[in-house]
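Undergrad: Sequence:
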Amino acid sequence: MKVILDTNVIVSGTFWAGASFRVLQLVDKGKLKLFISPSILKEYLKVLQDGEILGKTSGEQYDAGLAAVHKLLLNATIVEPKVRVKVVKEDPDDDKVLDAALAAKAQCIITQDRHLLKFKAFEGIPILTPEQFLAGNKL
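Each number in our numbering corresponds to the 1-based position in the sequence shown with 2 added.
Any given hint could be a false lead.
[Claimed, not checked] Keeping only pairs whose Cα atoms sit at most 27 Å apart, straight-line, the calculated BS3-like set for lysine-lysine is: (1) K73 with K88; (2) K84 with K44; (3) K44 with K31; (4) K120 with K88; (5) K73 with K91; (6) K48 with K140; (7) K44 with K91; (8) K44 with K4; (9) K120 with K44; (10) K91 with K4; (11) K73 with K31; (12) K4 with K140; (13) K33 with K73; (14) K31 with K140; (15) K4 with K35; (16) K88 with K48; (17) K107 with K140; (18) K4 with K107; (19) K48 with K35; (20) K107 with K120; (21) K88 with K122; (22) K44 with K58; (23) K107 with K88; (24) K73 with K58; (25) K73 with K48; (26) K107 with K44; (27) K107 with K122; (28) K35 with K73; (29) K58 with K4; (30) K140 with K35; (31) K140 with K120; (32) K84 with K122; (33) K107 with K35; (34) K120 with K4.
Because the hints were derived from the structure by calculation, they are not lab data. Bear in mind the structure is a predicted one, so any value in this text is a computation, not a measurement.
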């Protein structure tokens, strides 16, 4: 299954146990095919350097997280969106997730972002929390 993971899912799954971590495990096992755009990758790298993440993790935990995400991203397929949508009025920066989903012909967007979740679907692509995704998919 082709999926787009929002930055918040990648961050949560990289550094903490829970539903986002379980989604990342499915990607690692090859049960989900991760697609990512350069703009999502750029956002993720920016968040990784944010003092908030560094303050919530130990140095060892942070280093292990970086190694895990490096492995994850090595297996991701980079897509360059040709279409740029303007749909998320409250936070236009979130449109990049929808752009990537269209470019990848994704089957699901997995996010914790409330602005995206309110749509429930976009162009026929379900938008789910990690918990909703796991509950509805027996992978």
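Undergrad: Now, for every hint given, state plainly whether the structure supports it.
TA: To see whether the hints hold, each was checked on the structure:
no.: 1; hint: K73 with K88; verdict: violated, 32 Å
no.: 2; hint: K84 with K44; verdict: holds, 17 Å
no.: 3; hint: K44 with K31; verdict: holds, 24 Å
no.: 4; hint: K120 with K88; verdict: holds, 15 Å
no.: 5; hint: K73 with K91; verdict: violated, 34 Å
no.: 6; hint: K48 with K140; verdict: violated, 33 Å
no.: 7; hint: K44 with K91; verdict: holds, 21 Å
no.: 8; hint: K44 with K4; verdict: holds, 20 Å
no.: 9; hint: K120 with K44; verdict: holds, 24 Å
no.: 10; hint: K91 with K4; verdict: holds, 26 Å
no.: 11; hint: K73 with K31; verdict: holds, 12 Å
no.: 12; hint: K4 with K140; verdict: holds, 15 Å
no.: 13; hint: K33 with K73; verdict: holds, 15 Å
no.: 14; hint: K31 with K140; verdict: holds, 14 Å
no.: 15; hint: K4 with K35; verdict: holds, 5 Å
no.: 16; hint: K88 with K48; verdict: holds, 23 Å
no.: 17; hint: K107 with K140; verdict: holds, 21 Å
no.: 18; hint: K4 with K107; verdict: holds, 7 Å
no.: 19; hint: K48 with K35; verdict: holds, 23 Å
no.: 20; hint: K107 with K120; verdict: holds, 20 Å
no.: 21; hint: K88 with K122; verdict: holds, 17 Å
no.: 22; hint: K44 with K58; verdict: holds, 21 Å
no.: 23; hint: K107 with K88; verdict: holds, 18 Å
no.: 24; hint: K73 with K58; verdict: holds, 22 Å
no.: 25; hint: K73 with K48; verdict: holds, 18 Å
no.: 26; hint: K107 with K44; verdict: holds, 21 Å
no.: 27; hint: K107 with K122; verdict: holds, 17 Å
no.: 28; hint: K35 with K73; verdict: holds, 13 Å
no.: 29; hint: K58 with K4; verdict: violated, 31 Å
no.: 30; hint: K140 with K35; verdict: holds, 15 Å
no.: 31; hint: K140 with K120; verdict: holds, 24 Å
no.: 32; hint: K84 with K122; verdict: holds, 23 Å
no.: 33; hint: K107 with K35; verdict: holds, 11 Å
no.: 34; hint: K120 with K4; verdict: holds, 21 Å
Checked against the numbered hints listed earlier, the structure breaks hints 1, 5, 6, 29; every other hint is satisfied.
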